[in-house]
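Colleague: The residues making up each chain are set out below.
Number of protein chains: 2
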Amino acid sequence: MSTVHREATGLRGALSAVRSAPIADDSELDEIFARALLGSVAEPGDGLLGRAIDVIGAVAAASLLLDAASPAVFVDVLTRAGGSIDPREAESGLDRWSPRLDQGAFTRALEQAARVGARLVLPGDAAWPDGVDELGIHAPLGLWVRGRESALGSSASISLVGARAATGYGEHVTMEASAGLVDRGFTIVSGGAYGIDGMAHRSALASEGTTVAFLAGGVDRFYPMGHETLLARIVATGAVVSELPCGAAPTKWRFLQRNRLIAAASEGTVVLEAGFRSGSLNTAGHAAALGRPLGAVPGPVTSPASAGCHRLLREYDAVCVTDAEQMAELVGGARRRAPSGDRAVPDPASDDRGAFGMASSPDAVRVLDALSTRSPRDVADLARRCGMTPSSVMGVLGGLEAVAEVTRHPLGWLRVKRG
Amino acid sequence: MSTVHREATGLRGALSAVRSAPIADDSELDEIFARALLGSVAEPGDGLLGRAIDVIGAVAAASLLLDAASPAVFVDVLTRAGGSIDPREAESGLDRWSPRLDQGAFTRALEQAARVGARLVLPGDAAWPDGVDELGIHAPLGLWVRGRESALGSSASISLVGARAATGYGEHVTMEASAGLVDRGFTIVSGGAYGIDGMAHRSALASEGTTVAFLAGGVDRFYPMGHETLLARIVATGAVVSELPCGAAPTKWRFLQRNRLIAAASEGTVVLEAGFRSGSLNTAGHAAALGRPLGAVPGPVTSPASAGCHRLLREYDAVCVTDAEQMAELVGGARRRAPSGDRAVPDPASDDRGAFGMASSPDAVRVLDALSTRSPRDVADLARRCGMTPSSVMGVLGGLEAVAEVTRHPLGWLRVKRG
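Going down the list, the sequences are from chains A and B. The first sequence begins at 1 in the UniProt record's numbering and counts up by one. The second sequence begins at 1 in the UniProt record's numbering and counts up by one.
Be careful, since some hints might not be right.
Covered stretches of chain A, going by a simulated chain B footprint (3 or more residues, C-beta under 8 Å) [said to hold, decoys possible]: (1) 164–178; (2) 197–208; (3) 291–302.
If you want a taste of the chain A side facing chain B, the calculated C-beta under 8 Å gives, among others [stated by the list, open to error]: (4) R277; (5) H409; (6) L411.
Rather than coming from a laboratory, the hints here were simulated on the basis of the structure. Just so it is clear, the structure is predicted and the values come from calculations on it, not from any experiment. Every residue, glycine too, gets a C-beta built ideally from N, C-alpha and C.
Isolated chain A, as found in the complex:
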């Protein structure tokens, strides 16, 4: 009996509790366990893990991890299954996943999920949003859902996203747009944040429509706190979703990765109001990279809250949309269009100069997330927290030290306080 199956059997009850349908057989049980487990050790969008699952499946990948396979074995298994992997990559992957294997924490996260009524939706389930599969090796391993699972798989869906620091103008336009799209049968997808996101959800609820909120942390803790009531209302008729297990904290890296799900799970994305460096531009970048229709609502050029929208219109070939009808047309008129070859479509993953909301390189974001300004942390601790190898963390720390973002301390590293 494989390690995976033994562990899965031990958690059969806990795993059954987070699935909406009875578990059919042992192979399904193992698959559920493997995906839940891998989702708890890897950061969202881990491409190496995605490739491994593509080649050998989630169960075999989890097996290697649980059996503490050496990098050589990992490489060997993948190569024999037809994959290709660099030994250093394999070592790096195992080094960042292994320290996070913690059976106690995993079991507690499953129990917490059951307690809040969260279900794990997996590829192949009726409710699985097919659009996220287009993320390829960066697709989520599973999605934790509170509310109506079917809300997630809606065929007609559109993301309405924008700045937290929205203006009255932006909120007004969002309210009208969301209500108008609900009238046209669309599910409204957004990020549950203050400002535009919140208004998009609220207006959809007020119009008795379906709305889905993607969170950057576990669905057991509603974030932001001020939206606890709103998110609870969304659960009642729509869905609150995350690829992270219960208990996971929303880090900046996870917000950026969450944005890829918003873009991928909906047919098209509209940015309603966004500052010049707003995080919503990151969502827009993901939509563009996926070749999904991207719209931007213009506003006064004198309003900094519209500067990001104008940037999308000007630099990224976003379509100018001014009302719900045009937003519906955006999605209906250009379903799954090929990525535009006309102007350069930003690659959110490679963009490290802040154009799409990233202050620095993806790895730097993750290390900075893991650092504290008050408690010094050593490299091993940081590596575990951010899900990277100790040597990668060291490399990043060196770079961050050079630009005075981090500082050494007798007990480890500190993030330098700003402003």
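For this one, chain A is given, so just place chain B on it according to the hints.
Modeller: The following block gives chain B in isolation, referenced to the frame of chain A:
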């Protein structure tokens, strides 16, 4: 001695008075006379006359007209010179130009031009704006200029146009844009109208920049009346320009043709505020048809005064521009780009459904211009007024009668009063 030369010699004094440099020789004298004369009998942009001039030159074309050449002779002369022309086209051309030959009126217009200090600038002159030659057979025959002729030939120029019914927002943005472009060395081209145009000129003057206003009627009569002081100030440092002779009234047709000059005489066009069917969209259409950079300033989607700008962004691939720097970049970054093949570029001449400011077909606009709501006019009178053949006028009147735009009267035709 040709008729043209005899007539030109008789007007040598009057023609010298409207030229900035002494007339070099008889052939130049004839050319000046011929272009001034043809410009007084044909409506702006008359393509048949443009073709005739391309093939046989302005002097020969004027000769045929003055000698009352038959259509057969007209066809023969053009054909022998390598042109090709349909006999019915020739007849139609002669029929619309001949009734307007009026030596007394022509002389009075020249005297009036001299009186107000207007000069006739012709192709080949240093001040001639080369950009208008790209209008091909629709290029102006000459330009009447009050002010500094050299302002007209500025190499760095940009058109700032927009709605008469501008908002405070639109005027504010226009003021900033115009001043910022003057700071960057641009000449500001516009149409002298109320609203955006006026603000563009005013702000350029306030920044001690150069600005050029293209009028739809003769430069002896400033239109609109309320801009008499503004236009006089433009004359002092820039130029007020028209292709129509002194005394010519600004008709709707001429406004639309004037718009092609604004687009053609500048390197690029920016629409700052425009209603959904604003006349500035006509200027934008000309700019796009000429392959010139076209920019649009976004505004609140809740403002009808920005709806035309959003339409340009959405449907016509205009570039979103939010400040002077981006406008300067628009022109500098895309000098004389080829007409976009990406989205359909509107052809202002063929668009008769109002998208670019034309309420009906070009001919209908001209006939409606020539009609009065109170004084009935017969077909011959209308044909002379609008520069079309009597039979074309009859055809158009039939169509307009069918849609109740015109009505028959014992003494001729009346335009039906609206609103």
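Colleague: Against each hint, give a clear statement of whether it holds in the structure.
Modeller: Structure-based check of each hint:
Beta-carbon proximity to chain B at under 8 Å applies to 3 residues in the stretch 164–178 of chain A; the threshold of 3 is reached and the given coverage holds. Counting residues of the stretch 197–208 of chain A whose beta carbon lies closer than 8 Å to any beta carbon of chain B gives 0, which falls below the threshold of three, so the coverage claim is violated. For the stretch 291–302 of chain A, the proposed coverage by chain B is satisfied: 6 residues have a C-beta within less than 8 Å of a C-beta in that chain, meeting the threshold of three. Against a cut-off of 8 Å between C-beta atoms, the interface hint on R277/A is violated, since the closest Cβ of chain B lies about 16 Å away.
Using the Cβ-Cβ criterion of 8 Å, the hint placing H409/A at the interface with chain B is not satisfied: the shortest such distance is roughly 45 Å. Because the beta carbon of L411/A sits about 49 Å from the nearest beta carbon in chain B, more than 8 Å, this interface hint is broken.
Hint violations for this structure: numbers 2, 4, 5, 6, all remaining hints satisfied.
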